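Trainee: In order, the protein sequences belong to chains D and S. Here the first sequence stands for residues 89 to 357, where the numbers follow our numbering. Here the second sequence stands for residues 25 to 438, where the numbers follow our numbering.
In case anyone wonders, no lab produced these hints; they're calculated from the structure. Everything numeric in this text was worked out from a predicted model, so none of it was measured. Where hints are given, some of them may not hold.
[To be verified] Okay, the calculated beta carbon distance ranges per label pair:
(1) Ser345/D x Glu436/S: 54 to 64 angstroms
(2) Pro28/S x Ile237/D: 34 to 44 angstroms
(3) Ser35/S x Pro225/D: 12 to 22 angstroms
(4) Ile237/D x Asn410/S: 40 to 50 angstroms
[Claimed, not checked] Covered by chain S, per the in silico footprint, the following chain D stretches (three or more residues, Cβ under 8 angstroms):
(5) 154 to 165
(6) 181 to 195
(7) 210 to 221
Glycine included, each C-beta is placed from N, C-alpha and C at the ideal position.
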Amino acid sequence: MNKNFQEMFAKAKQEKKGSLIGFATGMDPNYKTSKKILIEMAKHCGAIEVGLPFNTSTSDSATIMDANMRAIKAGANTEKIFKLIKEVKSEIKNNVPFLIMTYMNPVYVYSIKKFAKKCKTSNVDGVIIVDSNNNSPEDKELSKELKKINVAYVKLVAPTNDEAFIKETLKKCSSWIYIVSYAGLTGSKQVNVENVKKISKLIRKNSKIPIGVGFGIRTKSDVSKVIKIADAAIVGSGIVDIVGKNSKNHNLTKKISSYLKNLKKGLNK
Amino acid sequence: MKIPPFKEINSPNKNGYWINPKTKEAYGGQYISPLLIPNLQKVEKCFKKALKDKKFMKGLEEKLLTFIGVNTPILRSKELEEIAGGQKKVGKIYLKRTDLHHDSSHKPVNSFSSCYMAKHIFKAKKIICETGASMHSRSVAAACAMLKMDCEVHIGAVDAEKVSLNKDISELYGAKIVVVHESTKSLLPAMASALRSWQSNPDAMYVVGSVAGPSPYPRMVRTWASVIGRIAKQQFKQITGKVPSTLFCVCGGGSNLMSMAYPLLKDKTEIFAVESAGEGIPTGRHGATILGGSQMGILLGFKSKVVMKSAQIAESLTEASGLDFAAVGPEVAYLHDIGRIKFRSTTDMAAKKTFLMCCEKLGIVPAIEACYVINAALKEIKKRKNPKENHLIHLCGSGESNVARMIKFKRENE
Chain D
89 MNKNFQEMFA KAKQEKKGSL IGFATGMDPN YKTSKKILIE MAKHCGAIEV
139 GLPFNTSTSD SATIMDANMR AIKAGANTEK IFKLIKEVKS EIKNNVPFLI
189 MTYMNPVYVY SIKKFAKKCK TSNVDGVIIV DSNNNSPEDK ELSKELKKIN
239 VAYVKLVAPT NDEAFIKETL KKCSSWIYIV SYAGLTGSKQ VNVENVKKIS
289 KLIRKNSKIP IGVGFGIRTK SDVSKVIKIA DAAIVGSGIV DIVGKNSKNH
339 NLTKKISSYL KNLKKGLNK
Chain S
25 MKIPPFKEIN SPNKNGYWIN PKTKEAYGGQ YISPLLIPNL QKVEKCFKKA
75 LKDKKFMKGL EEKLLTFIGV NTPILRSKEL EEIAGGQKKV GKIYLKRTDL
125 HHDSSHKPVN SFSSCYMAKH IFKAKKIICE TGASMHSRSV AAACAMLKMD
175 CEVHIGAVDA EKVSLNKDIS ELYGAKIVVV HESTKSLLPA MASALRSWQS
225 NPDAMYVVGS VAGPSPYPRM VRTWASVIGR IAKQQFKQIT GKVPSTLFCV
275 CGGGSNLMSM AYPLLKDKTE IFAVESAGEG IPTGRHGATI LGGSQMGILL
325 GFKSKVVMKS AQIAESLTEA SGLDFAAVGP EVAYLHDIGR IKFRSTTDMA
375 AKKTFLMCCE KLGIVPAIEA CYVINAALKE IKKRKNPKEN HLIHLCGSGE
425 SNVARMIKFK RENE
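Could you build the full structure based on these sequences and the hints that come with them?
Mentor: Have a look at this one:
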């Protein structure tokens, strides 16, 4: 397991709490503001997912799609997102792990080997690829390369997946596994606790890997419900929504800070 | 009439990839959220079952003949031969008239077959589809009306305006229209939007209109669509005694190309695909993938040749909504890369002039998409100067929905 994730889960366990993982699209609305947002998020979140925007994403709701387009307009590309994470990590005073969340195309075009190496040199702790299929040659290569350098490869499982698929996914997944709580797009519905229970059971039957749950977690009560079952709650659209509505507001980071502070109240086990 | 049976050639491997034997490059695959993996597995299982199910295939064949009218003619065009320099110099030119299908394009063959499978084997109550020129949505909506299924159409805002007639016909057939305002507001974001909608409606079946998308769609769409080419090959042999010397088809994603080319892949026919050069390939404002500087990339569930700008999918710009796609289907890219299919291009301006020429000299109103191929075919045929050759051009659609823009073009240029 990646050391920073290991520490995050161990600390939470000791405190009898769950972890909060925040998502924000990198360079949304621009490099400078995004940097401030990520630094602020690192004060409150156990880990941070940084979206590397892709303009033809197939799983994102309008909220994240809009953020992707804002970031691309601001000049976001793979190189700049790595730079952003490296700078943020050198400025924060803790070991909060950072992940890149994206689609396979930007990684494939950048070159998988080069991408993995760059994760290491930019202090990226993990990678999530939304559209990576267990059977694709790119998935095999990426999983192998990340393993070599001990960068987490976090894979997604959904309520529609059966045990065979989950077992296959667990073979490549490292540090933690991501449960998509419902059939739908990011942030388009409310978290489905029954689905989470069902998939968690299947995962637990086969592995002790920590579980993170995303899709539809927006409130303290959502976080609380999820943390009763899983190890981490992932909040994305809620944060991106604040960025989208307040991109020119001087109080943007304060708003994100108070939103996250409130969510953290739901982390008690 | 009996439709010549399907014979599988050029199969992808079990993971849905075509592998280039020389470079080992893989085309196709399944790059999608894990949410949709079970659905794709179900589509694949249903497709394989359908091909083996004699009762299903008989029922489908009957509907293709009696509802779609799939037995459209191949007609010789002496007028086009004259334009190219005369039969004595360039040989004979024939047109496969899929514009005479029900709903006026090549699209209904795949659309109806997919919906028929969705109804009888997948057991879906709802169909989700994307569309560019709305020929696909129009034929999916017609199939849904006939098969008593719900239909949801995703269309880019630009296309919704450009081809409003087909969009309105889709609505008259009972489809719910979702207008997509993202990115280029054309076919590509419409397909992304349809895929997203399917994730929220896993009980529905997604019907793709091109030989694109995650596996098994590229293979399934070309298999259904190849009914056109199977009939055409038989007809051509009956007329000329042999297979065509050349075949010309326009290529956006590649469904109309594969519908005709697939049954001829093992024959001697030289196959040409024609892309839209838009305002000219050097301007960067075009719809050409193979000739427009594409590289291997991953989008909308598949890996293929894609036009990109800094790892983002580039905007494709063309007059023809049906060609407005920054990628080609994986099997098409594979066939190009192994040298089986050659590519040519036509600019928007040349296609528009060809549209007027077809109206004035042939008495045909072709879909603007078909004008790119007629233009490029005439150039190639002239260049070949071989009186012994028999050329086949796919006239893949009727141009009613282009009339408003083309009458404006005619008047402005008179």
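Trainee: Hint by hint, note whether the structure agrees.
Mentor: Status of the hints after comparison with the structure:
Checking the proposed 54 to 64 angstroms range against Ser345/D and Glu436/S shows it holds: the Cβ atoms sit about 58 angstroms from each other. In this structure the supplied range 34 to 44 angstroms is violated for Pro28/S paired with Ile237/D, their Cβ-Cβ distance being about 55 angstroms. The supplied range of 12 to 22 angstroms is met by Ser35/S and Pro225/D, whose beta-carbon atoms lie about 18 angstroms from each other. Separation of Ile237/D from Asn410/S is about 60 angstroms and departs from the stated range, judged on CB atoms against 40 to 50 angstroms.
Three residues within the 8 angstroms Cβ limit are the bar, and the segment 154 to 165 of chain D against chain S gives 3, so the coverage statement holds. Only residues whose C-beta sits within less than 8 angstroms of a C-beta in chain S count toward coverage, and the segment 181 to 195 of chain D has 4 of them, enough to reach three; the restraint holds. Check result for the segment 210 to 221 of chain D against chain S: holds, 4 residues qualifying (beta carbon to beta carbon below 8 angstroms, three or more required).
The structure fails hints 2, 4 (numbered hints given earlier, in ascending order).
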